[in-house]
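Engineer: Going down the list, the protein sequences come from chains A and B.
Per the working numbering, residue 1 is the first one in the first sequence, and the count goes up by one each step.
Per the working numbering, residue 1 is the first one in the second sequence, and the count goes up by one each step.
Because the hints were derived from the structure by calculation, they are not lab data.
Keep in mind it's a predicted model, so treat the numbers as computed, not measured.
Hints are not guaranteed to be accurate.
A pair counts as met if it fits within one copy or between any two copies, since identical chains are not told apart.
With a cut-off of at most 20 Å between alpha-carbon atoms, the simulated EDC-like pairs for lysine to aspartate or glutamate come out as follows [to be verified]:
| hint | residue 1 | residue 2 |
| --- | --- | --- |
| 1 | Lys-687 | Glu-231 |
| 2 | Lys-579 | Asp-237 |
| 3 | Lys-51 | Asp-29 |
| 4 | Lys-579 | Glu-289 |
| 5 | Lys-579 | Glu-689 |
| 6 | Lys-579 | Asp-389 |
| 7 | Lys-579 | Glu-392 |
| 8 | Lys-579 | Glu-590 |
| 9 | Lys-529 | Asp-545 |
| 10 | Lys-679 | Glu-590 |
| 11 | Lys-701 | Asp-494 |
| 12 | Lys-679 | Asp-704 |
| 13 | Lys-531 | Asp-545 |
| 14 | Lys-707 | Glu-231 |
| 15 | Lys-229 | Asp-704 |
| 16 | Lys-701 | Asp-238 |
| 17 | Lys-531 | Glu-697 |
Number of protein chains: 2
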Amino acid sequence: MELVFMIPLAGLAAVFYAAYLAWDVLRRDPGTPEMQEVAGMIFEGAMAFLKRQYTTIAIFALITAVAIAIIVGAVSDGVKDIIKEGSGGNITIGYSPNAVVDHWEEGVLTGIAFLVGAAASALAGYIGMFIAVRSNSRTASAATRSLKEAITVALRGGAVSGFLVVALSLLGVSTIFFIYSAVLGNPDAIAPFLIVGFGFGASFVALFAQLGGGIYTKAADVGADLVGKVEAGIPEDDPRNAAVVADLVGDNVGDCAGRGADLFESMSAENIGAMILGVAIYTVTQDVEWIIFPLVLRSFGVFATMAGLTSVPFFASDDPNQNPMTPLNYGYYIVCALSVVGLFIATIVMLGDEWYWFFFCGLVGIATGIAFVYITQYYTSGAWRPVRDIAEASRTGPATNIIIGTAVGLETTAATAITIGIALVASFALGSEADIPGVGGFTTGVFGTAVATMGMLMSAAYILAMDTFGPITDNAGGITEFSGAPESARHITDSLDSVGNTTKALTKGFAVASAGLAAFLLFSAYLDKVKERLSVPLNKELPIDISDVDVFAGGLLGAMLVFLFSSFAIRAVGNAASKIIEEVRRQFREDPGIMAGTSRPDYARAVDITASAALREMIAPGVLAVGMPIVVGLIFRYVRGDNDGWLAVAGLLMIGTITGILLATFFNNVGGAWDNAKKYIEAGNLKTESANPGAVEVLGKGTDAHKAAVVGDTVGDPFKDTAGPSLHVLIKLLSTITLVMAPLFIP
Amino acid sequence: MELVFMIPLAGLAAVFYAAYLAWDVLRRDPGTPEMQEVAGMIFEGAMAFLKRQYTTIAIFALITAVAIAIIVGAVSDGVKDIIKEGSGGNITIGYSPNAVVDHWEEGVLTGIAFLVGAAASALAGYIGMFIAVRSNSRTASAATRSLKEAITVALRGGAVSGFLVVALSLLGVSTIFFIYSAVLGNPDAIAPFLIVGFGFGASFVALFAQLGGGIYTKAADVGADLVGKVEAGIPEDDPRNAAVVADLVGDNVGDCAGRGADLFESMSAENIGAMILGVAIYTVTQDVEWIIFPLVLRSFGVFATMAGLTSVPFFASDDPNQNPMTPLNYGYYIVCALSVVGLFIATIVMLGDEWYWFFFCGLVGIATGIAFVYITQYYTSGAWRPVRDIAEASRTGPATNIIIGTAVGLETTAATAITIGIALVASFALGSEADIPGVGGFTTGVFGTAVATMGMLMSAAYILAMDTFGPITDNAGGITEFSGAPESARHITDSLDSVGNTTKALTKGFAVASAGLAAFLLFSAYLDKVKERLSVPLNKELPIDISDVDVFAGGLLGAMLVFLFSSFAIRAVGNAASKIIEEVRRQFREDPGIMAGTSRPDYARAVDITASAALREMIAPGVLAVGMPIVVGLIFRYVRGDNDGWLAVAGLLMIGTITGILLATFFNNVGGAWDNAKKYIEAGNLKTESANPGAVEVLGKGTDAHKAAVVGDTVGDPFKDTAGPSLHVLIKLLSTITLVMAPLFIP
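Here chain A stands alone, though its shape is the one from the complex (with noise of 0.2 Å):
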């Protein structure tokens, strides 16, 4: 227990670093009268969209505790405690005769984890959201003076969003455990299995926040380009179009509140789920550090990422044209070098005489984060083959450039998958050498998987700060156009925005392996919860046989369930712009001075509409995520056989894993590949072949290949933003709804 200390420690000094980051922000100059006027229509539409969501969520939220309640309480049959039975080579982990928690106090407590969840990620959105939006006309002003402030301020901005998730995340598992076990008298072995509905509260803010706001931001996008630029043949992110704000608001809905409560519900789902699967060792050891270990870990991670974020500006130079994304590395190097410092003083100290083996578990996570940062920036930036390649084919038009861009995106999958399976296996075969007397391999082998998803997880701040970096130096460089600063201050957002595209892509990649290590492990912990229900030793494999016909069926649903996610969510940006379209439309029929310039749209109106629609277009999706894994339990536990619910649950909880992971990574990617193939044009880099080089010409704005590759960018548009990232939450959801719902599939 030495370093128990450090959880409410760092999830402390998280909140004073988000609440100074804040003041630091807030203190700064907010910019000429012209930036803090459209900094104040996207600070009130975002408001406005965050208070119709929350309120949203809150009644279903609540409506959903109420349910989980009295679901589990008449459901189940209490939890009894888990207990050391044997000795020597001949050790059992059973469970006492009587159940220590009663099955009606098991559905209240877990309805109140899942409302403290949801709130707790509710909470760490609104405030990341309220400073990211505030932070975008300071960013604007400061690039009017320096690239070096300007990167400070969007960064610190972005960092208060990251700060916030992290210490509300860490600080909301370990209160709860901690009341839950000590202050409830439970005991400890059985208290994670008791939070588990705070990771299906996370869950389910995470499904509005990223499913919701990412059908938001992208109906607002295409809605204002069809309108505007199609129909009425006004620029981009002109002042008369009505959904202009509205597109300025989604930037922030999706990347900042969206990506937030995706890495919250990440990070929340695997430490519980971790600590289920420490449960097993410390019945053996009776080391209560087998247990919390995860969050101490995560307390390291804190502290290395405040070192990291406060290095930055040391390593921005005033030089205007430094590469911003220079110092932002360099910060990413600290946090990984300082994680790995932290990590090495948390297994030494808590994991027993073989902890050097999870020690290197822990460096594969931390190196995975790292792979992926790079692999993401390989497959969506200009720099490299594949967006050349589909730079190159949008010479003979659109087609081409979709059919190209398909097969790059494809293609990606393949560095995703290898590097997920390589960071699994080797997680699980070195934490299986560790040798803790009356613990299988297997058991330790499954921990050392969660204490890499941990590892690369201590770097979450950061890459959320740098995420939330993106839609703040997004709306810097727009309020910049707006508002008429100088073409210096342009200079320096749009070299901004630019990395902005990068650090949001990557944090998709982060965002997508660590879904893809915390199936595994939520996995395992379901079939812990299996084999309470079903009284089989904790530390006895409970094969899920992939050629039983039910788990297949169940495998065969669960892939089909993200491929017809996926197209509901797509269809779903369809649906909501055409509601944008038509108030856009009417505003201009009715007040024909908006055309003239001559009166002001309603911002205000077309973003309420605009929000009204995504919450009622994410309703299909939302209910299939949340209804078929709980539809397909039924319907196998009780058509099939009783045995053959949580059999088809579970082959449709992993395959549709592994499925999502692939088809996730390809709407990243390939949305990411195809915004940036349209750039390199625009850039000037695509140039006509031609055997005398007097002859050379650029293929720049305007040309067929421009349009071609504008096409390519719309439609990765819902790729990248709505259904990628919705994929992501999707994952987890049915992670966490399956441990939840469990005693409706078990007999």
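Add chain B to chain A, keeping to what the hints say.
Structural biologist: Leaving out everything else, chain B in the frame of chain A:
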């Protein structure tokens, strides 16, 4: 053994029937001299392609056969006889103490089976294609007289291919089984394991035919369009375009030879897999019926198909406006009805007292086939919502066409997965009800899925006849256009061509479904092989635990293989198309007479260049498909541990299959839907929106909406004709290659 005479009878009857149909087609009027000239060029091009392709196949097949013989001979321990041990309720299906087939003999027999399978598939493809490209001008000529005659000629021409595929697969499997068991004096129980090479040989040829053919057909199509329509500004199918014959040849190469080899592989591999599953029951009951039942069932299918095909002309009317789908559908109903009768006879005579359970399993299979025919029509025909949605989305440009098309394509996987899932679970549940003393419900259940698969494939010859109907009528349309035949003939070939698109699409749906059912069945066969090598009794379950890290990682790699293979296949089309574009440009440049219409382009050279480019471009995906399962098996075995190789391969196989089914469905259906959305617009079904009915205009050919739909159609081409169909082959290839190469991964 009562019905065993049916097998040679049906095989020979099918051959003679095919010969009769060929004679009947060839004796008909080959059309005007102009028709014959074009048809002659297509014929020469097709034969040139086949010559080049089959030469390549022959060389590689010989090398592979030798490699198989050496690897299996060197690595295997030989084959032990399978014998019943114990009695009453405690029967195990074990192995004889010593090998009855020496390991070198096993290697040589497997290599020979491989060659026979490859040769039989190639022969069926060659003759079928020969007749198909002879039928096109005869169909064109018949269309100048009546719709009824045109349908008859096209369907009979297609049926030659269909019957030869079925006959050669049936005769090939049964002959080699007879030789390897009775003639060589090996026990009946082990002969099915000796002939798995036949399935791999069929897979090997199918890979060339479907992947190489798919690359060829779409490279020619895309290349001809880009260089002709886009660059030279000449219309589609213009004789001045040197690539135009290659394009017409391509239709035959992909749909006739490719799909024929695809279904040859399905039938052969599934037949052998079903025989392997029958071994366990045979060993207990000592009734060899359980092994040869699949062959007998298919024999009944041959006669049912003959009756159905013969009946089609009676349902065709003399009215040129009759929908040609109507007589084809009636013929299919007759095939299905007679298949039920054949299934009834075969099960009641051969499968003992509990025959009716397997009769029900077969019904499930027949119903699944019918369901797929309708599901595909719903999603890819202009009469229903999905295609109309895509057409509507074309109003706002190519991007929305692609976005909504993608959403529709992803959605189509739901019906596919649910239908396959229900078919598998239902046939397993029904089969496991059969109470055969000493045989467990698991064994009879898996055999039930085999019966369902064979039931579905009873109508394969009819489905294939309808499929080859597609390229024949497509070519007939081209010939009619080229040769300036009367308008009435063009009307008939147009209506046949549109039906041909539907029949091609539904064959793909049928192929996917059969691959899905086959996967489960062949996986069970793979496990039987593993059990044999590990000396686990055949009637004991051998769980493949998906929560095992090696199975999970293998699964991740299997799903990735499907994505990467698709990427390679799609990219190959682009690369090969650039070769044909260069050649056409060269011809235009070197002989200005071509553009002026005074000299004829060198069509044969364009065909040859496309053929060699297609074969070169299939190396990368081909090596990936064949190499990856072997490499994964070896790496896991030698890096992770002796038992991890076959476990990882099992994961790769199963999860690769599930992902492959869904991705193939997506590619096939999205391509078909885009194609028909374009046709829907061309037919004048899309109109401008206006409150004033007098102002409504048709958005037909040449409008922006139509151009957007053309982009979707072009994108869909490599999806539906290269990537999708190649994935069917990949799925089955994974099964057959792991069956043959199993000794490499199993200690």
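Engineer: Would you mind marking each hint as holding or not holding in the structure?
Structural biologist: Consistency of the hints with the structure:
1. Lys-687 / Glu-231: For Lys-687 and Glu-231, the Cα distance is within 20 Å only across copies (18 Å; inside one copy 30 Å).
2. Lys-579 / Asp-237: within (19 Å within a copy, 43 Å between copies)
3. Lys-51 / Asp-29: neither (27 Å within a copy, 76 Å between copies)
4. Lys-579 / Glu-289: neither (54 Å within a copy, 64 Å between copies)
5. Lys-579 / Glu-689: between (44 Å within a copy, 17 Å between copies)
6. Lys-579 / Asp-389: between (36 Å within a copy, 17 Å between copies)
7. Lys-579 / Glu-392: Close across copies (16 Å), not inside one copy (35 Å); limit 20 Å.
8. Lys-579 / Glu-590: Within one copy, since 17 Å is at most 20 Å while 56 Å is not.
9. Lys-529 / Asp-545: both (17 Å within a copy, 17 Å between copies)
10. Lys-679 / Glu-590: neither (37 Å within a copy, 38 Å between copies)
11. Lys-701 / Asp-494: within (16 Å within a copy, 42 Å between copies)
12. Lys-679 / Asp-704: Within one copy only: 14 Å inside, 25 Å across.
13. Lys-531 / Asp-545: So Lys-531 and Asp-545 pass the 20 Å test inside a copy (15 Å) and across (15 Å) alike.
14. Lys-707 / Glu-231: both (16 Å within a copy, 18 Å between copies)
15. Lys-229 / Asp-704: Classified as both; 16 Å inside a copy, 16 Å across copies.
16. Lys-701 / Asp-238: Only inside one copy: Lys-701 and Asp-238 sit 18 Å apart there, 34 Å across copies, limit 20 Å.
17. Lys-531 / Glu-697: Neither. Shortest intra-copy (68 Å) and inter-copy (66 Å) distances fail the 20 Å Cα cut-off.
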